[in-house]
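Below, each chain spelled out in residue letters.
Number of protein chains: 2
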Amino acid sequence: MTLRGRKKGETVPQGVVVRLPVYFRYLTELESAGAERISSAQLGEALDFTAAQIRSDLSYFGSFGQQGYGYNVADLLDQVKQILGIKRDYSIVLVGAGNLGKAIGSYEWFRDEGFHIKAIFDVDPHLIGNHHAGCVIRHLDDLAIYLAENPADIGIIATPKAAGQSVCDLLVEGGVGSIWNFSPTQLTVPNGVIVEDIHLTDSLLRLAFRVNEQTRAQEEC
Amino acid sequence: MTLRGRKKGETVPQGVVVRLPVYFRYLTELESAGAERISSAQLGEALDFTAAQIRSDLSYFGSFGQQGYGYNVADLLDQVKQILGIKRDYSIVLVGAGNLGKAIGSYEWFRDEGFHIKAIFDVDPHLIGNHHAGCVIRHLDDLAIYLAENPADIGIIATPKAAGQSVCDLLVEGGVGSIWNFSPTQLTVPNGVIVEDIHLTDSLLRLAFRVNEQTRAQEEC
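First to last, the sequence lines map onto chains F and G. Read in order, the letters of the first sequence correspond to residues 1354 to 1574 in the working numbering. Read in order, the letters of the second sequence correspond to residues 1354 to 1574 in the working numbering.
Take these hints with a grain of salt, some might be off.
Straight-line Cα separation of at most 27 Å, BS3-like style, residue types lysine-lysine; simulated pairs [said to hold, decoys possible]:
| id | chain 1 | residue 1 | chain 2 | residue 2 |
| --- | --- | --- | --- | --- |
| 1 | F | Lys1471 | F | Lys1434 |
| 2 | F | Lys1434 | G | Lys1514 |
| 3 | F | Lys1471 | G | Lys1514 |
| 4 | F | Lys1514 | G | Lys1440 |
| 5 | G | Lys1514 | F | Lys1440 |
| 6 | F | Lys1514 | F | Lys1471 |
| 7 | F | Lys1514 | G | Lys1471 |
| 8 | G | Lys1471 | G | Lys1440 |
| 9 | F | Lys1440 | F | Lys1471 |
| 10 | G | Lys1514 | G | Lys1471 |
| 11 | G | Lys1434 | F | Lys1514 |
To be clear, the hints were calculated from the coordinates, so they are not data collected in a lab. All values derive from a computational prediction rather than experimental measurement.
Could you build the full structure based on these sequences and the hints that come with them?
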């Protein structure tokens, strides 16, 4: 794939990376609703970005829009998917089959977009052998052997905090290059291994902060 | 509470808000490990922020550190908690008692830090009447009456996408001013209502993007 408009080796700014999934979600909804085209001004209004911001983001990957017409929704969505790298399949192993792991495993959207959970691991003897999301739950002790035979693109860590780093080490030793981490711990990984964290506590703390900002602002009025 | 160093009505930049929970997590770990003091250089190295960034963030709320000594860990954590607004209790209602809702309800950290889930709601007749996280699961039809008698600070939405907006409307009508949203939908709320989203799909898409960035970079080498 060639990304038009980008120089070789040029990395995409973090702000663009954060906004890409937002484009993806909205364009998916537009396409499902049968919309055929949208202007950057309309996109901007719907997503609360400026039209200039949107044109700048998308032009980063090449020029898609047409003056006076805007963007073809299906084409733009296709391009956004290509940029995001979801026009391919990903093999995933999930470690942790508690409530959170089960919730992740049941999320149909992942499968629909090519993210396939191939195996689930846990240490709880009550869970081993059970089925979830089309997989049998295996013992964590079998992870290394499994990965040797079945390479995985992404490892999901949905364990308690105490197990997060050791599970991460097992995944990395097994050749997994990308970690989606739900355990509330800061993982240490070798260079080149990608970690994307979901820190529930951080999100709740940001919410609390904003509640208090609002309370303070009201008190100051 | 007075926030030293901030002008009346001044809002805190988004970047600082995002970093505050990171300080909170790390300082909590330091305190548990028995550390008494830390320099801004050490904090910076541990968190991958520059020392200047850290001094700037913290000075935003007043000056805490002492030249040549650094920060007292307990004092700094206490100040960060105060800034974050978690030196108080929050009453929470949780809507959605599926795997994700159960995972959120079981998260002990929330309770330890003053976030108390007081009631859980769902529409699944198999779940109504069951107990989880010390609460009986009630029918969503009872949410309005419950909130009229038991005001809540935060509403957590852990429902499927289709129910997200209608549950949000019920919470807002019931006087809930802050929403922690796990449903994969963009909520519309009246001015003044705070929404903090956990978009699992966005996070996974960012991971996929980074995997592909890496692949492209390797191909270009």
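Hint by hint, here is what the structure shows:
no.	hint	in the structure
1	F:Lys1471 / F:Lys1434	22 Å, holds
2	F:Lys1434 / G:Lys1514	21 Å, holds
3	F:Lys1471 / G:Lys1514	25 Å, holds
4	F:Lys1514 / G:Lys1440	23 Å, holds
5	G:Lys1514 / F:Lys1440	23 Å, holds
6	F:Lys1514 / F:Lys1471	23 Å, holds
7	F:Lys1514 / G:Lys1471	25 Å, holds
8	G:Lys1471 / G:Lys1440	18 Å, holds
9	F:Lys1440 / F:Lys1471	18 Å, holds
10	G:Lys1514 / G:Lys1471	23 Å, holds
11	G:Lys1434 / F:Lys1514	21 Å, holds
Comparing the model with each earlier hint shows no violations; every hint is respected.
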